[in-house]
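Undergrad: Chains as they are written, first to last, in my numbering: chain A, 1 to 306; chain B, 1 to 298.
Heads up, some of the hints might be wrong.
[Claimed, not checked] Simulated restraints, written as ranges between beta carbons of each label pair: (1) B:Arg161 - A:His202: 32 to 40 Å; (2) A:Ser254 - B:Ala94: 47 to 55 Å; (3) A:Asp149 - B:Tyr156: 35 to 43 Å; (4) A:Lys24 - B:Arg89: 51 to 59 Å; (5) B:Gly101 - A:Thr36: 39 to 47 Å; (6) A:Gln85 - B:Arg117: 41 to 49 Å; (7) B:Val93 - A:Thr248: 35 to 43 Å; (8) A:Asp149 - B:Gly101: 48 to 56 Å; (9) B:Ala65 - A:Arg31: 30 to 38 Å.
[To be verified] With a Cα cut of at most 27 Å, we get these calculated BS3-like pairs of lysine-lysine: (10) A:Lys93 - B:Lys88; (11) B:Lys88 - A:Lys150; (12) B:Lys88 - A:Lys73; (13) B:Lys84 - A:Lys18; (14) B:Lys84 - A:Lys93; (15) A:Lys93 - B:Lys187; (16) A:Lys150 - A:Lys18; (17) B:Lys187 - B:Lys84; (18) A:Lys18 - B:Lys88.
Worth flagging that the hints you see were computed from the coordinates, not collected in a lab.
All values derive from a computational prediction rather than experimental measurement.
The C-beta atom is built at its ideal place from N, Cα and C for all residues, glycine as well.
Now for the letters of each chain:
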Amino acid sequence: MSVEHSVATAESPALTPKAGASLKVHDVTMRFSGVTVLDSVSFEVEPGTVHAIIGPNGAGKSTLFNVLSGIYKPSAGSVLLNDTQLIGLRPDKTVRAGVGRAFQNASMFNSMTVEENLLLGRHHLTKANVLSIGFRLPRASREEQESRDKIRAIADFVGISDLLDRDASSLPYGEAKRVDLTRALATEPTLLLLDEPAAGMHTHEKAEMRDLIVRISRELGVTILLVEHDMGLVMGASDRITVLNFGTVITTDSPEAIRNDPRVIEAYLGHSSARDQVNRTDDTPSDSSSAGDPDHPSHPDTTEEA
Amino acid sequence: MELLGFTLNGLSSGAIYALVALGMVIVFKATDVLNFAHPSVLIVGTYIIAMLHTGLGWPFWASAAAGILASAVLGILIERLLIKPFSKRQEMVAAGIMTIGLSIVLDTIMQHQIGARMMSTGDPWGNSTVQVLGASMSVARLTALIVAAVLLLAFYIWLQRSDFGVGMRAAADDPETAALMGVSLNKTSMVAWALAAMLATIGGIFLVSYPSAGLDVTVTSVVFNAIPAAVIGGMDSTTGAVVGGLIVGLTQAYVLGFQSSLTFLGNNFAPAAPYLIMLIVLMIRPAGLFGTKEVSRV
C-alpha cells in the first residue's frame, strides 16, 4: 500500500489532495404517494471524514442517496454541500457541484472500454464544445491528453491501471465495482457517495475496499458518505455513523458508541441475535417467516417487545 | 451493365435514405422518440433553401448553409417545446404519436407554401451525368454517395472518439447513470435533435437534385422511405440506419429496374417494396437487423 501511495503522488502531481466538502442534511422529508420514506432526516458530515449510513433494508438509505444526487426532489428539507444547496439541482448539476457517486450494481457502460467509462466521469470537466473535439483542434486534444493523464493517475491510485484497455463488459463483478468507484473519483468530487461498495465481494476484497476508502479519505481529502451492510467494513472505515430505521434517524455517533447503543442493537445490529432469541424461546413458523422478510427485518424484535 | 446501373442508382438513393434514417436513429437513441415528423423536417429545411435561392436569389452554398442551420433551430425548437413535456413524464410512446400530428401540420403548411410549384435549390450539379464503370450516373447522385459516405464516417468517429460522443452513447445506454457522471441529458437531447434535422436537410438537398425534378409536394412520399430504412436496420443502431438505407435504395432501384419482368407485382410496386421488406425483417427480427430493443417495448 505504501509503495503504491508514493508512486501515485510522486509520478502524478495532478492528483493532489483537495478540501473535502462538509455536508449538512437538514429535515429532509420524502413522501411517495402518501408513504413517508424519509422523515425529517438530519445529520452533518465533517469535511474529509468517512461517514456511514446504516440501517435495515427499506430504511431509506437508497432514497437518501437519490436525494443527494438530485434524482429525487424531497417534499421538504435542505441539503448543503459547503454552501451549495443541492436540492433542486438536476443530477448532472449535482456532479458539477462536487457530488460523485458509485453505484450498488457498478452500472458500467458495457459498450465502452474501462478508459472510456472513466473519461465519461470527466465529461463535465472538459470545456471543449460539441464541434471542436470532433475535429481535434489543438485545444481539444491537449484537453483530452490532460484528461487521459488524470485518469491514469487516478487509476494508479486505486490500482486498476492494468484494466484501462479492457472492455467494461469483460470485468468480473469485484473489478467492475472498483472501476465504478474510480469513475466516481474521476469526476473530482468533494463528496463521494458509495452505495454498498463491498456488496457481493469476498472477505479479502472487502478488506481491500476498506483500505481504499480510508486512503481516499486520508490521502485525497475527499469527504465520503457510505452505505454498506458489511459491519466490519463500516466499523473499520467510518469516523461517524448515522443509523436510519423506517426513514428516521435513530442516532449519529462514533463507531464505538454505535456498537453499544441499545436502540441500534434493537433496530439493526441485534436483529439476528434477537431473532435467535425469539427462535429459542418461541419457535413458531410465523416468526421465522417474518424474520426472513428483508423489507421488515425489525418486526420480530417489535413483536417480541410487545 | 443494366444491373450495374440499377445498383449505382440504388446505392446513391440508399445513401440519402441512410442520412435521413441516421437522424431518426440518433433521435431515438437520445430521447426514445420514434420521430414521424423527421421527413417533414427535411421538407421544411429543403424548402427554406429553395426559397432563399428562388425567392431571394441567394447563391446555392449560402442558402444551403442557411437552410441547414435553420433546420437545426427547428429541431431544437421541436425538442424544447414539444418533446420535453413528454420526456419529463417518461411518455415517449405518446411523444412518438404526437410527432404524427406534427408531421401532418408541417406537411400542410409546406403544401400551402410550395403550392403547385416545382422549386429548385439551385444546386451546382445540374443535370450532368458521368460514366461510372460504364454505367451512366447523375453527378448529383454521385456527389450524394460521396457526401453521405464522408458524413457517416465523420459521425461514426465523432461518436466513438469525442468526449461529447462518449457522453451521447452513455446517455443512450443508461440515462440515469450518465447524468450522475455529469452528462447533461438536456444538452445531449438538444444536440441529437439538431444534428438529426441537419442530416435530414443535407439529404433533402440531394433528394430534390437531378434525376429528381425538384422540390414539390410529392417529395414527402419519397422521404418516408427513411422510416422503413431505420426500422429495417434497427431503430437504435447507427450501423443499422446505413444498412437499412442501402437496402431500401437498392430494393427500390431493382424493383423499378426489373419492373417489366416482375409484372405480377404491378407497375407501381417500387414505393411499396421497402415496406414489404420491413414486414419480413420485423417478423424475423423484431428489433431490426442491428437493433437491440424493440420499439414497442420502449
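Undergrad: None of the hints should be skipped; say for each whether it holds.
TA: Tested hints:
1. Remark: the range hint 32 to 40 Å for B:Arg161 to A:His202 is upheld by a beta-carbon distance near 37 Å.
2. Distance hint check: the CB atoms of A:Ser254 and B:Ala94 are about 53 Å apart, consistent with the given range 47 to 55 Å.
3. Hint check: A:Asp149 to B:Tyr156, Cβ distance near 26 Å, so the stated range 35 to 43 Å is violated.
4. For A:Lys24 paired with B:Arg89, a C-beta distance near 32 Å fails the hint of 51 to 59 Å.
5. A beta carbon spacing of about 41 Å between B:Gly101 and A:Thr36 agrees with the range 39 to 47 Å that was offered as a hint.
6. The supplied range of 41 to 49 Å is broken by A:Gln85 and B:Arg117, whose beta-carbon atoms lie about 57 Å from each other.
7. The beta-carbon spacing between B:Val93 and A:Thr248, approximately 39 Å, falls within the hinted interval of 35 to 43 Å.
8. The hinted window of 48 to 56 Å between A:Asp149 and B:Gly101 holds, with their beta carbons roughly 51 Å apart.
9. Between B:Ala65 and A:Arg31 the C-beta distance comes to about 53 Å, which lies outside the given range of 30 to 38 Å.
10. Distance check on the hinted pair: A:Lys93 and B:Lys88 sit about 17 Å apart at the alpha-carbon level, within 27 Å; holds.
11. Of the supplied pair hints, the one linking B:Lys88 and A:Lys150 is violated, its CA atoms being roughly 35 Å apart against a limit of 27 Å.
12. Distance check on the hinted pair: B:Lys88 and A:Lys73 sit about 14 Å apart at the alpha-carbon level, within 27 Å; holds.
13. Taking the CA atoms of B:Lys84 and A:Lys18, the gap is about 38 Å. The hint is violated against a cut of 27 Å.
14. Distance restraint check for B:Lys84 and A:Lys93: the Cα-Cα separation of roughly 18 Å lies within the 27 Å cut-off, and the hinted pair is therefore satisfied.
15. For the hint linking A:Lys93 to B:Lys187, the alpha-carbon distance of about 12 Å falls within 27 Å, and the restraint holds.
16. Note on A:Lys150 and A:Lys18: the hinted pairing holds, with a Cα-Cα distance of about 15 Å set against a maximum of 27 Å.
17. With a C-alpha separation of about 12 Å, the suggested pair B:Lys187 and B:Lys84 falls inside the 27 Å cut-off, and the hint holds.
18. Among the hinted pairs, A:Lys18 with B:Lys88 is inconsistent with the structure: their alpha-carbon atoms are about 36 Å apart, more than 27 Å.
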